[in-house]
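Visitor: Taken in sequence, the protein lines are chains A and B.
With the working numbering, letter number 73 in the first sequence gets 73, and the count goes up by one each step, no holes.
With the working numbering, letter number 75 in the second sequence gets 75, and the count goes up by one each step, no holes.
Be aware that one or more of the hints could be misleading.
Said to hold, decoys possible - Calculated pairs, DSSO-like style, for lysine-lysine (alpha carbon to alpha carbon, straight line, at most 27 Å):
1. B/K58 <-> B/K71
2. B/K22 <-> B/K57
3. B/K22 <-> B/K68
4. B/K42 <-> B/K68
5. A/K57 <-> B/K37
6. A/K57 <-> B/K42
7. B/K57 <-> A/K57
8. B/K22 <-> B/K37
9. B/K57 <-> B/K71
10. B/K71 <-> B/K22
11. B/K57 <-> B/K68
12. A/K57 <-> B/K71
13. B/K37 <-> B/K57
14. B/K58 <-> B/K42
15. B/K71 <-> A/K13
Unchecked claim - These stretches of chain A come out as covered by chain B in the derived footprint (C-beta under 8 Å, 3 or more residues):
16. 15-22
17. 37-45
18. 73-84
19. 88-99
Think of the hints as simulated: they come from the structure by calculation, not from any bench.
Every residue, glycine too, gets a C-beta built ideally from N, C-alpha and C.
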Amino acid sequence: KAGVTQTPRYLIKTRGQQVTLSCSPISGHRSVSWYQQTPGQGLQFLFEYFSETQRNKGNFPGRFSGRQFSNSRSEMNVSTLELGDSALYLCASSSGQGTGETQYFGPGTRLLVL
Amino acid sequence: GENVEQHPSTLSVQEGDSAVIKCTYSDSASNYFPWYKQELGKRPQLIIDIRSNVGEKKDQRIAVTLNKTAKHFSLHITETQPEDSAVYFCAANPLFSGGYNKLIFGAGTRLAVHP
């Protein structure tokens, strides 16, 4: 099976802009989780989607949002970008059938906000 | 609130030695504890995981132990090799704050294995 894919791999934006990142899970996986990775804060949970519904959310401001489509692909959006949003954004997929499942990470999208 | 503490932050060993990384978690209802290895510029890769109904799990040179009473789990790597050099993250699945597949990660341990 193909692994988790993310597009784009790299992005450069300026403050105030918005950005949309995409994640395609492993075929058959219905749960997609998003994480932000920075040198200072490490890996932080953003949210999880299952069956087009957000079922878990981390402690991030409302500028961070996401959605999931019927084919389980997921997007996350960050509006009104701030310098501190520069990070590696990782998504991870799992089957979605239970809790505490094995999650497989994508390669990430590296976002730089200038 | 939910928290996972990981120690040490850096670890340097000679090839062939053992390496041990320790984590503690705050949510006593956590039931799933994965370990990920992340090489520079690459995605985190799951190397081993353990569930709360098991005290120890081993996979070749890697083992994980879990002490639910102490809310503590550890990664053990034996016969280390230079290719083991990477950043290792522990994580826990906090059921009290949402559950499902939310993971709280430790800060990471940078392991360097010297030939």
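Visitor: Against this structure, judge whether each hint is valid.
Guide: Against the structure, the hints:
Of the pairs offered as hints, the one joining B/K58 and B/K71 holds, with about 19 Å between alpha carbons and a cut-off of 27 Å not exceeded. Only pairs whose Cα atoms come within 27 Å are accepted, and B/K22 paired with B/K57 is accepted, the gap being roughly 15 Å. A C-alpha spacing of about 14 Å is found between B/K22 and B/K68, which places the hinted pair at or below 27 Å, so the restraint holds. Of the pairs offered as hints, the one joining B/K42 and B/K68 is violated, with about 32 Å between alpha carbons and a cut-off of 27 Å exceeded.
With a C-alpha separation of about 24 Å, the suggested pair A/K57 and B/K37 falls inside the 27 Å cut-off, and the hint holds. Straight-line distance between C-alpha atoms of A/K57 and B/K42 comes to about 25 Å, which keeps the hinted pair within the 27 Å bound. A distance of roughly 30 Å separates the Cα atoms of B/K57 and A/K57; the hinted pair therefore is violated under the 27 Å criterion. Taking the CA atoms of B/K22 and B/K37, the gap is about 14 Å. The hint holds against a cut of 27 Å.
Distance check on the hinted pair: B/K57 and B/K71 sit about 16 Å apart at the alpha-carbon level, within 27 Å; holds. Restraint check for B/K71 and B/K22: satisfied, since their Cα atoms lie roughly 11 Å apart, inside the 27 Å limit. Of the supplied pair hints, the one linking B/K57 and B/K68 holds, its CA atoms being roughly 14 Å apart against a limit of 27 Å. For a cut-off of 27 Å, the pair hint linking A/K57 to B/K71 stands: about 24 Å separates their Cα positions.
The suggested pairing of B/K37 with B/K57 holds, with an alpha-carbon distance near 17 Å, which does not exceed 27 Å. A distance of roughly 25 Å separates the Cα atoms of B/K58 and B/K42; the hinted pair therefore holds under the 27 Å criterion. The suggested pairing of B/K71 with A/K13 is violated, with an alpha-carbon distance near 42 Å, which exceeds 27 Å. With 0 residues bearing a CB less than 8 Å from a CB of chain B, the region 15-22 of chain A misses the requirement of three and the coverage assertion fails.
Only residues whose beta carbon comes within less than 8 Å of a beta carbon in chain B count, and the region 37-45 of chain A has 4; three or more means the coverage holds. Counting residues of the region 73-84 of chain A whose C-beta sits closer than 8 Å to any C-beta of chain B gives 0, which falls short of three, so the coverage hint is violated. Beta-carbon proximity to chain B at under 8 Å applies to 5 residues in the region 88-99 of chain A; the threshold of 3 is reached and the given coverage holds.
When the structure is compared with the earlier hints, violations turn up for hints 4, 7, 15, 16, 18 and for no others.
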